[in-house]
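Trainee: These are the residues of each chain, in order.
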Amino acid sequence: MNDGPLIVQSDKTLLLEVDHERADECRKAIAPFAELERAPEHVHTYRVTPLALWNARAAGHDAEQVVDALIGFSRYPVPHALLVDVAETMARYGRLRLEKDPAHGLVLASTDRAVLEEVLRSRKIQPMLGERIGADAVAVHPSERGNIKQALLKLGWPAEDLAGYVDGEAHAIKLKQDGWALRPYQQEAADAFWHGGSGVVVLPCGAGKTIVGAAAMARAEATTLILVTNTVSAHQWKQELLKRTSLTEDEIGEYSGTKKEIRPVTIATYQVMTTKRKGVYAHLELFDARDWGLIVYDEVHLLPAPIFRMTADLQARRRVGLTATLVREDGREGDVFSLIGPKRYDAPWKEMENQGWIAPADCVEVRVTLSDEERLAYAMAESEERYRFAATTPSKTRVTEALVRRHLGEQVLVIGQYIDQLDELAEHLNAPVIKGETRIKERERLFQAFRDKELQVLVVSKVANFSIDLPEAAVAIQVSGTFGSRQEEAQRLGRVLRPKADGGGARFYTVVSRDTVDQEFAAHRQRFLAEQGYAYQIIDADDVHQ
Amino acid sequence: MMEFTQWIRERTDDQLGALVSARPELITPVPAHLEGLAARAGSPSAIGRALDRLDRFALAVVETLAVHPDELTRDSLRDLLARATEEDDLPLDDTLERLRALALVYGPDDALALAPGVRKVLDDPAGLGPPVTEVFRHHPPEQLEEIADDIAPGTEGGGKERLRAALAEPAKLVEEVSPPARKALEELAWGPPSGRVPNARRAVRLATARSPIEELLARGLLAATGEDSVALPREVGLYLREGRVHRDLSPVPPPLEGAERPGSLADRTAAGQAFTFTRAVEELCERWSLDAPGVLRTGGLGVRDLKRTATQLDLPEWAAALVIEMAHAAGLIAAGGNVDGEWLPTAGYDSWRVRATEERWVTLAVTWLHTDRVPGIVGERDERDRLLNALHPDLRRSSAPEVRQATLRVLATAPGLAPSRESVLRRLAWEQPRRRGALREQLTDFTLREAEQLGFTGLGVLSAHGRALLSGSKEAAAVLAPLLPEPVDHVLLQADLTAVAPGPLTSDLARWLTLAADVESTGGATVYRFGEGSIRRALDAGQGADELLSMLARHSATPVPQPLSYLVADVARRHGRMRVGTASAYIRSDDPSMLDQLMADRRAVPLRLRRLAPTVIASRASRASLVDSLRAMGFAPVAESLDGDVIITQLDTRRTEGVPVARTVSSFNGLDPDVVAAAVRAMRAGEARRGPVDAPDGAVPRGPATATISTLQEAIRQGVRVWIGYLDSQGNATSRILEPARMEGGYLTAYDETRAAVHRFALHRITGVSNLS
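Each protein sequence line maps, in turn, to chains A and B.
By my numbering, the letter at position 376 of the first sequence is numbered 376, and the numbering carries on one by one without gaps.
Just remember that my numbering sits 1000 ahead of the position in the second sequence, which is counted from 1.
Chain B with its partners taken away, still in its complex shape (with noise of 0.2 Å):
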């Protein structure tokens, strides 16, 4: 240990930035100094995370240092892997390298050592059972004695000491057992290291042994590690493998298979599915707003709802289930409405809504790449054999946004390249090999498949925008844009009625169709049909009828068809003959002489009030507005009730207050460079005084916000110490000296010397600041 936090120290501030980036667990939070580091590096949960992210080889490299007891060369490590591989030409000292930044070994090429904790937590290294040593060390000393005697009779010495002195070496002693009991060790040296026996604690010696179990018990070839329980001892196994820790290790990554395609046809694939995806998501939240679903008891979406929604947006109820997670997962529609709660676009979508179509996009995809959220699993039930539905609160796995990134990453290394889900899984457990299983397996077939249906691929393959996206980079949006529909600003009119728009609309001119036609179909093109109803509600919202046969004629490519511009004519020559206002709220009165006085009143001119009849009055104010106005005009007017009077013509659009709820993780573009850079120079600095330091006496500073900030923002650029005067959070005036690091959201984060620790400082409780120079 004392050597592993030497070695620490000794590490450049560089050298520690890389591993606290690389192991971001290590600096949250940071510690006091560098031995704190240290032993954080060393604790089991840190180095098994580690080690989680290291390749099948970096694992191999560790694997065979933890086997060996002893410190191992570079030379002979070479060795011990070269029999496991064919490969002549192994990576050995980049993946030293990268170890050794990762503070999992340390120490020369001629003294590796692994760092402290990190044999603990390999139990069974590359398969391996636990040494002599400790296989043996719950067994009682007269049966050691009595292995030791059937063993190696004539040696000196208590019965730990002869049998490891017999198993250090146990050629001779294999080569002595009877067939079947070497079939039975062939059995467990490459296979997990440990078998079940009844009774494995039963005392057996060689003279009496029975089966084979018994006789490689009483040979020391096996030992009980529990009651039923029996383990392969290390030593055995290695020799059993001929001294190799592996077998068949490959140095590089299994290659990806599949079906080649050309770039561009899958990135045009790509972009057509981004575009329909993100056209989905939209259609959703406009249905929605107009017929939300209810919110289940259990927080999800009904099956019902779930499959109505699949017919509607006409995609299978799991690419339904992505739309609708994803569209909740973004923040566009979340539990809101009335009493009982209702599916409701929020605030949020409204935003979302008028941006361009690439953005749209992105903020989905990045939304599923971060999200814990797995719609994959909607119609499954829960360990309580519960269903569950879309929107349901478990409907979420932490590992997911991993695997998704991971999975993705995969692709992103072959180019061009559809590859097979077998080859992708066996390129994901060769860099990963900790990390697999059932979950993670269907956790990767859901990534291929709703990536598919993201736009993320096109055809199986890795698209552009896609791989711009996965590499954090904010060019996703214009890579994406070229590929996306050209917004076009005219349209096809034909004689039955129909207006197709080879393309999406410009904004305007698809508000404007929406109006005077009904959508008929969506994709690549709008099929709009105009009939008498949608021409009516053109005229009503205030179009003249010249006015929508000049726009016709604006827009379309081709002449009006002559029944077209008759359909409009004709309903606009009947149009009006009735006449219908809007009206928000009316007033009536029996006695004429009163609804004189209120018209003739100033104060009345805001209601915009109009005489319809002697006694009766319309308002464009709202029934509620206009009874308090009249109220503060000295009326006791009474409000009526709603039945048949009013009409309100607006659509019921609905937005809710409910704030979303789905999380993401935000593990994805690693820490920011200057908290880690911080975070270093924190610790070194802990290093150098070991316990906080005073601060200066005197007057704490004090000085205008402006100043202050400017000062700080100086102090970051230049990396010098200040000392500030900070109110605590019970309102004591304290004073600190500091290691700013970075000014954020209000917040300084800076090291605090005074503490000897990190903190986060409300700017607006830092009374003043002065350089220390």
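Chain A on its own, in the form it takes in the complex (with noise of 0.2 Å):
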């Protein structure tokens, strides 16, 4: 009996036990092929799919390394059928290729006629081709290199792109490295992206994606459109390139529901691509409007249908797509690996953790019991309401106010989402509050006072997440909030959160009303953050006020 760390179970997802001696050693030999899925505190999660070994594939993996890590790591004996799928699947990436050719433009070639016959014969991929050159070869129309990558991928032959990529407009940009310096993992990162041509670069929150972002432009040096989930990201990578690029403002334009600048820099978001006007995008000409050498997409496993419709067209432009998991919600990982391209980066989170790029936190949800007149009214509250209800009860200022004192000394954000209850929270904890209706200026005095910690409590509403200059904290205490997007949540919580000076881990409180709704989306929350390896704990709103 080998007594490996790995256990492959039969829907394709491998065990690995963190403890074992071996585990290291495992995980680098596994990271490759199988896509992290769950890293709570014994056991990881990884799943291995078509997609992930073409990834491997595309980074220069065989099949016998893959099969040699599963034989050699595994504790049980690993069922042949998976290790011939692995080398199956494997070997389909590749025998098609996208190719330029000097007289005939982009063609698709291949070493394995068989393989070519047998796509030639799909009616999704005949409108694609123009003529036959050859036995091995059919030219493809420019305009469908996107598309046919996509349709190659759903028929299980992902074609390698070797067709080359324009150059587009050059723009001088500079990483302006004063103070700070690209981490190793990030230059790696760049590098990876940069020799692969197009590709996604998977990093954990908090480890600097946007500065990948900012060597990969600094590469090019050509103009970048970059495509962002919202406003207040494209105002973070605005400030970031600012601070850590050449760019200067007028060389940054912004392209959202309210502004629609064009410059050698364009920052757009998701939602103003995919708006429609009577029936059509109406912002579709962003893309033609200049020659773009670089387009970087933020946050890919969020990116919208119809974006990736728009990115089919723009295949001979150099892509970099930046994100914290290849799994999607909506299984449209296919759609960025044919579209954007294959994982180029891939940083153990582990390793990372241990270098200490990124510290997660430590994760305590509070309880709260409703009184019984509380529970009668909540019962009959209607359905739309009860979130609030839930969310607003006076038992949670109480707590929070305990909360606040055992922390005294140490700088304490705390967040809420209903402006009534955050004033009332700010009376009992005597603390300044920012709203939205709070002045820039206001604003800016108060973040400064908290960041020279003349200010220890500060009250702030949802807008305090969409801000950039929000100020870092050792405690954050959550009282109400959207649970719309966890992973969203947690992304914010690792800006706002950093470890300690004295080493000890930020702390980020969340207070729940017990038996009701509110619970509900704890739980969701709570599984979400234990797989992602946060420490978690639940405690009573008794044990705090004891």
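Careful: at least some of the hints might be erroneous.
[Claimed, not checked] Label pairs and their computed distance ranges (CB to CB):
id	chain 1	residue 1	chain 2	residue 2	range
1	A	Leu162	B	Leu1387	15 to 21 Å
2	A	Val280	B	Ser1420	56 to 62 Å
3	B	Val1488	A	Asp515	24 to 30 Å
4	B	Glu1486	A	Leu162	45 to 51 Å
5	A	Asp291	B	Leu1265	54 to 60 Å
6	A	Asp515	B	Val1366	55 to 61 Å
7	A	Leu162	B	Val1560	51 to 57 Å
8	B	Glu1486	A	Glu385	19 to 25 Å
9	A	Val166	B	Pro1559	30 to 36 Å
10	A	Leu162	B	Asp1291	47 to 53 Å
To be clear, the hints were calculated from the coordinates, so they are not data collected in a lab.
A virtual CB, placed ideally from N, CA and C, is assigned to each residue, including glycine.
Work from the hints to combine the two standalone chains into their complex.
Mentor: Next up, the structure:
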């Protein structure tokens, strides 16, 4: 019996026992071809998917390495069917290649004639093709470069895109490393992307993906279109680029609902790109507005479907995708693979944590119990009012006060959604509150005071979530919020919370009303955070008061 | 025939035993005497079956003997065979010994003869046409005269004799033919010895021949064998082959080629697959017991149900079909259930399920070796173009078990080697040259694929446990057991509320965890997820929160994560604030005093009544038995409909009453040595007496059954004859002299000298027994 750290499951997930002495070695061996799905404290779950295997192929790994890794580290015999499947799947990548032919332009070529014949018979593929060039190649309409890759992937024969890129309009962009330096892994990620031509860089939350984007731009030295999830994110990108690169305010444009600037570096939101007017996308011309040399996709796992379709036409331009995970909730990982590119870089989460680049926070859920009258009122509330009712119960205020007292002397942020609740809290805590109506000047003053530690407790509304200059804190207390996207929330947490100087982790409290919809949301978040490796604890409000 | 019979008579008992063991069809039923055995050994069907078992070289020896009309000496036989091969070292003596043992060849080395009937069964031996005497048999005498005139002018005698004389040494005739005709002859020499020619019987003369074929017909080098067919006479063929009967004859089996793999790796991989397969069967039965697919009108499983099952089991469809078919053939699932019929696990599944994994695998693997069901053809169409579904009654091929075993035995000859499909097929073609064809090739492909899926082979190499099972050893389970994951008695608990069992769990723990958590993924390990629902389920099943937590702590290799213990406490806190009891039936009445009376009645104690309210009593007894009991107590209750009042919390798992119908073919381990010995003894005895003996006069023996059995056992052991009294099927008392052979399952198998045949006797009808001596 082999005593390996890895257990292969029949659903093609791999369980890695992290406390095993060979766990690190094993993690390195399987990371190229398996996606990390969950990373709780003892056993991490990886998944072997065709895409993951093709990513490994694109990165130069072969089936033998994969099989060796599985057999070598597996505690139990690996089902033969899985090994065969791995070998067969990997052999499919690269049988077909998209190439630039001097005479015929874009061609689909193959060394395996049978495969070529098979895909040529597909009704989906046929309209994209031009004339046949010899036995092993066929011309492809240049405009179909993305579509054919998508279609081929669906047929199970992913094509390797070797057709190259246009350089785009040159524009000088330099990294401005004053007082900071590119971390080694960020450098590696940017290099890996550049050598691969196009592709996706996977880095955990808080690892500085924006900087990798900036480094990629500095490699390209060309006009760049950056697509981001929302306006706040657009502002963050702009600030970061101003801080990290030679770019000036005039060179960076924002293309969003409110502003329509097109500059050498333009940051557009997914939302504006997917806005339709009279049934057509209103802002498609942005893609052709300049001769872009690089397109950056932030948070690829959230990229909406229409943008995929637009991206299909941009295959001759270099593309870099940035994300914390390749797993998409809509299952469109295949489109990321074919339209943006294979995974080019993936940093082991644990290693980065060991090197001190990122630090997960300690999460504590505090449960308050509603009084009998409150419970009755809650039961009778309209369903749309229920959450607000549960989230703003007065019991929360008392617990929050106790928590703040507990962390006396530390920088504490109290975050909430409902203004009434925040005002009441601010009054009880004797702390200033920042909300939507707070003027910029006042906001900046308070932030500065908080940063200078003149102010230790600050109550902020949801606007703080979207504010780039939100100061860092050692403790955050969330009393209410929208738990729409748990992942986004976790990312914001990563931004706000930094390890304390004394090495202790940051604390993140969530105050939750017991036996209500509030608690149901919390259960989802608990699972997500625990799977991300955050320590998670649940305590009763009574424990806080003691 | 007489010589052959005599030769058979002269065989020793051991030799006869070996003969009937190798050719079991000769003693089903047992012939009365050795003459009968000889006659049966010469029957076409028996010879056909014996020839089917020969390998390429042994068959070549038989063919060479068959081609030559007279007895051959060993040395001349060796010369003939040596011409066909470049090998110097022919295993001729061994092969002849084998053929004698099979009674296909008899006689001493200086006069080897084929058993009667062999020549007739071998049409076109080694691809040679019929001899001259036969091939011209149906020609009219005039035509024979004409041919003889053309090729042997001036010779004496009838046409037939002249022709035979001329063709006995065909050298001159063949050398005289025109080049195109010669070319046609060459083509027929090694190919099939016959061809199709329109109007083959036409009379042609050499002088008027217009085509190469007509020329050959006129010369007697081709003979019409039908209206449209011609054949090359054997003598001519042999001449064209330069005296060789075979071309490229290989006296040794062709080598197997393929990748070499370390045996331990293959064993481990195979064991892993064996575990996976066994688990798949279990999962199939569990799923079907909750959600049974219907039986099609044609008797199979619907295509959609197969697809769904394949998805659930995470297997390709052919592998899912294999799992389903093996579960069925092993008697774990069968058609049953409601009127329309459903596929449900049998009671046999329940006893299979609780056995150790290795034993469960052996059951499935033995079934696979012996069943004539062929899951590989699921999805194909039969001759009437009907789709063959999984579990379809026609999903069988009688040769399947034999092909499976032959294929695996080929693998067994090459330890540590994963032979390629082609080299396996080549080897099989050598080992059983008469048993080839597209179906067998397909069955061989299925065998290789399914053996891997079942864990018989690992990475294409026959595993140690597969080898043990193939040789009929009872050790297979013991060989497999140490390779299977050892049951573990702990899990790893995590803050995301999962528990990972890093191996198969001990059954108690597994059952407990299945109660308290939901299974999320299976394989080498099992991942369980705790949730409100699953914790509540455990509490519902009577577990307390403390009990749950201490069970978790005891079986966790890591500390219980705080969110998990909080979850348990939180669910337990709310659990039971409403009380829901388990009652099978209730009694309600508008008259509380009547219920008072019932509660006070001593006879009501077994009903386990509980008063819930003045007008309601709950009972743990079923409604039917409650009604019966109340009636017995003198009340007049009326059963009430179920509408929402009764809560039954049990899962609706079901079992069929049906008997599994799949059959297995039991040719595998050969005949029992006792049966062989009895048959030989019987035939030998029949030989000596040639007819039934009379039972002794006097009273039929009588005695107690226990004495009967022990006397018979003693007689079997010593091999002596006994005198029994026996009630025949009409109930008449008869008296028999027996040579008992074996006793099994309430029956005695014995040679009955009074009837001169082997019979089975029901032990309970033997009225008594006495020793003859």
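Trainee: For every hint, state whether the structure bears it out.
Mentor: How the hints compare with the structure:
1. Leu162/A <-> Leu1387/B: 15 to 21 Å: 45 Å, violated
2. Val280/A <-> Ser1420/B: 56 to 62 Å: 59 Å, holds
3. Val1488/B <-> Asp515/A: 24 to 30 Å: Distance hint for valine 1488/B, aspartate 515/A is violated at roughly 37 Å.
4. Glu1486/B <-> Leu162/A: 45 to 51 Å: 50 Å, holds
5. Asp291/A <-> Leu1265/B: 54 to 60 Å: 56 Å, holds
6. Asp515/A <-> Val1366/B: 55 to 61 Å: 56 Å, holds
7. Leu162/A <-> Val1560/B: 51 to 57 Å: Holds, since leucine 162/A and valine 1560/B (Cβ atoms, about 54 Å apart) stay within the stated range.
8. Glu1486/B <-> Glu385/A: 19 to 25 Å: 56 Å, violated
9. Val166/A <-> Pro1559/B: 30 to 36 Å: Violated, since valine 166/A and proline 1559/B (Cβ atoms, about 58 Å apart) do not stay within the stated range.
10. Leu162/A <-> Asp1291/B: 47 to 53 Å: 50 Å, holds
Hint check: violations occur at hints 1, 3, 8 and 9; the rest are consistent with the structure.
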